[in-house]
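Protein chains in written order, with my numbering: chain F, 1 to 211; chain H, 1 to 516.
Some clues are possibly wrong.
[What the hints assert, rightly or not] Pulled from the structure, derived: some chain F residues nowhere near chain H, Cβ distances all over 10 Å: (1) Gly35; (2) Ala36; (3) Asp37; (4) Leu39; (5) Asp41; (6) Val48; (7) Ala55; (8) Pro63; (9) Ser68; (10) Gly72; (11) Ala139.
[As the list claims (entries may be wrong)] Derived, one-sided and incomplete: chain F residues facing chain H with beta-carbon distance under 8 Å: (12) Asp6; (13) Met181; (14) Ile182.
[Said to hold, decoys possible] What follows is a list of derived Cβ distance ranges for each label pair: (15) H:Phe481 - F:Ser30: 53 to 59 Å; (16) H:Arg471 - F:Asp17: 39 to 45 Å; (17) F:Asp91 - H:Gly95: 38 to 44 Å; (18) F:Glu27 - H:Asp162: 43 to 49 Å; (19) H:Arg105 - F:Glu71: 55 to 61 Å; (20) F:Asp17 - H:Gly21: 31 to 37 Å; (21) F:Val101 - H:Val97: 29 to 35 Å.
Please keep in mind that the hints were generated in silico from the structure rather than gathered at the bench. Cβ atoms here follow ideal geometry from the backbone N, Cα and C, with glycine treated the same way.
Here are the chains, one letter per residue:
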Amino acid sequence: MSAREDILSRIRTALQDSPQAPQIPREYRSASGMGADELIDLLVDRLVDYKAQVAVVPEAEVPARIASLLEGTGTYAVPEGLDAGWLAGMDDGDGGSRRRVDSPAQPLSVAELDGIDAVVTGSAVAVAETGTIILDGSANQGRRAISLVPDHHICVVKAADITGILPEALRRIDGTRPITMISGPSATSDIELERVEGVHGPRRLDVIIAR
Amino acid sequence: MTTFLGMPALPAFGSGNLFAGESFPKAAHRELGNAQLRANLGHATHTIRDKRQAVVSELPDWEQLRDAGSAIKESVMARLPDLLEEFEKNFTARGGVIHWARDAREANEIVAGLVRDTGETEVVKVKSMATQEIGLNEYLEEQGIAAFETDLAELIVQLDHDKPSHILVPAIHKNRTEIRDIFLREMPDADPALTDDPSVLAMAAREHLRRKFLTAKVAVSGANFALADSGTLAVVESEGNGRMCLTLPETLITVMGIEKLLPTWQDLEVFMQLLPRSSTGERMNPYTSLWTGVTEGDGPQNVHLVLLDNGRSAALADEMGRSALHCIRCSACMNVCPVYERTGGHAYGSTYPGPIGAILSPLLTGIQAEENNSLPYASSLCGACYDACPVKINIPDILVHLRSVDVDSTRGTKKVPSQMDVGMKAASWVLSSGKRLGLVEKGLPLGRLAAGPDRKITKLPGIAGGWTQSRDIPAPPAQSFRDWWAKEHRDAGNAPAQPDTEQPGTPSRDEKEAQQ
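Bound-form chain H, shown alone:
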């Protein structure tokens, strides 16, 4: 299904760090070979899963909160242009300045220009997915502006010249010893006797960043929520690095996706219950800051907001996929995902890994961009992500939808039908007739023969080899269920079903019999 056809504007897809540079199976295969990574991820995802479950079970109205959260976000998408204008009016009336950015490049240029206007060459940063998505740090560096990440995990990743692998805990793939080693190697002021105790490591980060916080003139942040009816922005955090950046500098530049809006102040009561319990598994995160434009005598006096499209309008155009924009970046879906738990976040290529990334990245970039069409297949469709999602995004449904978009996008573009095309055609021919299926089932003993004495088929040819690459197929039974059924009923004195002769589309006699 294409919803864009016949519309005046083509979908404008996003750019930046949203692409799988190699196909997911290839990347996953490599990451799976890293035993340390798998151990670290297994430990971390299970810890957070248990914590989340405990605090979610505490609330008698969790499901009602999810229902409200889901409906609020659906309403935001339906009313997005009006809400953006309402937000802009209120934020501006309170002394804030709004900038609009079509894509990553435009957003980066706006931020760099704003920093240049202050005459500064350094900025402190609060952890933000939007700036990660647009590759802001790299762009600023090219422009001669140094961006210092202040969230502990972002700091670890930045010091290690690595990439984040999780949206909430970007260094989830590192264990404490690896982090200690990074600090010793990359922090000039680190104590050589540093241990790998997490509280000691947190103190080292405090020492390292303290001077930066107290002297920074410009901060760059993201935002968790923006309230249209008041023009208020919110940042949810734990360490106090957010408060430092949002309070002490003279200039604050926030970059936020256009989908982050909430209509009213009252809606915050829903999301501030859903988000902390879903993300860090806490009843409430240690610090949340809210600001509305400029407050005289309190906090930054130059307050900017960059509203970022970067493919969001394209995702919105997909009627089935648009609810991916409801995401509040809690990361509960990746923490419960059996695929993410094993491959880690780097295998997805994009800034957004895990189940939400598998739908969001291709929706933002278009399914045909680079290897992003491999992402919707990075799932067993078990549905754990849907159950965990605080705003009830039906991730499995959207995964299946995007798989069909992927198949449709290549349909008819190849002259020679693929093995998959031929196989599917053959299967459709066989399975649409009981008679033909019966004939094929006569071949089951051949399969038993192929399985040999250990009764396992370990290697299939062609694309079917993908299945046997990591698992065996048990030997097929000596007779099919249908043969067994017919025999049983004959023995019981019932007349067996005769092979069918009816037209396609009417229920076969076998089906009718099964219903009796």
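Bound conformation, chain F alone:
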């Protein structure tokens, strides 16, 4: 008998008492009912608690904000599908020549990514209550490696993509895409259970909330 057949038969034998699957009580919250301003305030509060840096700006000011965050940075990566206007502030001077575009046709190698200082991406959806930003690999976020290897992640969250609680956010996501949920910069609590920010993932996380 194959291991598969054997294990399935062991399990069926173990369940000979035919336990019934219970009804799942879903009486927990499925929505927060929070207003737009409340959502932004809560998300900012949570992100700051994780030691991320946050700016809330009108959508039109996103390019200027990105440009100022990238000031003094060497090279930066962007996914090919990043909202075109967001890099408008980078087109003057050498801003364009410091840009490394990652595309399905011409992906940056891991070694190249390791030499790049920052990355700018969009995001799919955010959860205010937990300070979580979800990337799903859509065109304006790119593949997972580009938001992982560079040490500084600049992530733009649109106000319309902010939800109150996790169930609302997961309803907006296709679970079969490659998904990364990010709640602050990388951190560890492995030494005496004390939280320390900055390990293997980006040590600096800048979030721009575009309202």
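Once you've looked at the hints, dock chain H against the given chain F.
This is chain H only, laid out in the frame that chain F set:
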């Protein structure tokens, strides 16, 4: 109660790192002698307890989430064969390859074979309880394959040639200075001026592992959840070492126990609220990765999953104990356990320490394996673990159940009755009759005499000596409660209760009187 009798297949128990090599009391006694360990554990468990309490209190629907989590897991166990097949179909349809492993040895062989097929001799590892349980690192080493742990705490344990003592924070028994010393001793590239500041130590780990991450071709991981309706796997982590391993290599091999399934995507909303708050005491862990088979152009293109039984089907056969398989490995139970806090994880022998380990290890291996029958007694039955468990596993009930399984497993196997057998028989004879109890109580003044002028009994003979080994018994009172009651009521003008003559099974007159 044995649920296996008369069934076509005997329970197939697990192997690997699941055994207490010596009995818990013996191991605990040794560990308790380590003052540094107790100080480290006391500090760490209290820190995490407070953090957990703070973030759990924040949620107005915590209890509703626990109820949902518990019911979802119960439903998974009831439907396990169907869900496994559904998961397999979806994962395979998306380009993943499923392997089934009956036990630790088979799982190790599958992983080693997959690594060999890539031509590589090194793998990077994401922290995983399943691979710890099967002893994968040791097996790979024998096969000439080097496995590098990348989680900070696992790295500390691996560098120190030590064993994990906690499922979430395997190096919880080490303090910062001890960790600094390990790094200085075992990391060839460590800065000699390294301080014991946790952020400096975390940076040293980053430097040490960076090159490995960027060049690794094969990664081995565990999984926190697997969603049957989509074939999706999830890894919950903090440092980004998980993302590195799950994203950059060409080949990803995941080892997961068969009980980790969740039926649907929607169920993730429950568990991703329960797990981070219960484990690290955070509103959300820094990183969670989800992948479904292979995604072209993003992440590993060779994706394998080893589904591991290793005693889980045997645990499932125990109707009382099967809910131990609901465990999501958050570690909240060990952080609140008064026994774990003092003895630490090594005393339990198995990969799974603490309250959940005390039930899970014997369920996976069978109660008679090595010294695992001592584990269900490693508890005061205070119930703190049950209160903390995010999926409401009734650990105290299962502990008591396993104690009875243990007693039943040795019943009638010994020719000479033990002191415990004799004592229990005598107690049963005395306690089943008010008259006999009254007679025995006449002996109380003898106990007072034995206690002497300091009114303490400090040493009892025989197995009762186990009780007085670490505590005194206060001198018994001069009269029993029953004598006092009778006297009081006589003085108050009520007729005292007469010694009973009724048949066993009917309430004694004393009981009736007490109910008035």
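Tested hints:
no.: 1; hint: Gly35; verdict: 18 Å, holds
no.: 2; hint: Ala36; verdict: 21 Å, holds
no.: 3; hint: Asp37; verdict: 20 Å, holds
no.: 4; hint: Leu39; verdict: 15 Å, holds
no.: 5; hint: Asp41; verdict: 15 Å, holds
no.: 6; hint: Val48; verdict: 13 Å, holds
no.: 7; hint: Ala55; verdict: 20 Å, holds
no.: 8; hint: Pro63; verdict: 27 Å, holds
no.: 9; hint: Ser68; verdict: 25 Å, holds
no.: 10; hint: Gly72; verdict: 22 Å, holds
no.: 11; hint: Ala139; verdict: 12 Å, holds
no.: 12; hint: Asp6; verdict: 6 Å, holds
no.: 13; hint: Met181; verdict: 4 Å, holds
no.: 14; hint: Ile182; verdict: 6 Å, holds
no.: 15; hint: H:Phe481 - F:Ser30: 53 to 59 Å; verdict: 55 Å, holds
no.: 16; hint: H:Arg471 - F:Asp17: 39 to 45 Å; verdict: 42 Å, holds
no.: 17; hint: F:Asp91 - H:Gly95: 38 to 44 Å; verdict: 40 Å, holds
no.: 18; hint: F:Glu27 - H:Asp162: 43 to 49 Å; verdict: 44 Å, holds
no.: 19; hint: H:Arg105 - F:Glu71: 55 to 61 Å; verdict: 58 Å, holds
no.: 20; hint: F:Asp17 - H:Gly21: 31 to 37 Å; verdict: 34 Å, holds
no.: 21; hint: F:Val101 - H:Val97: 29 to 35 Å; verdict: 33 Å, holds
In terms of the numbered hints stated before, the structure departs from none.
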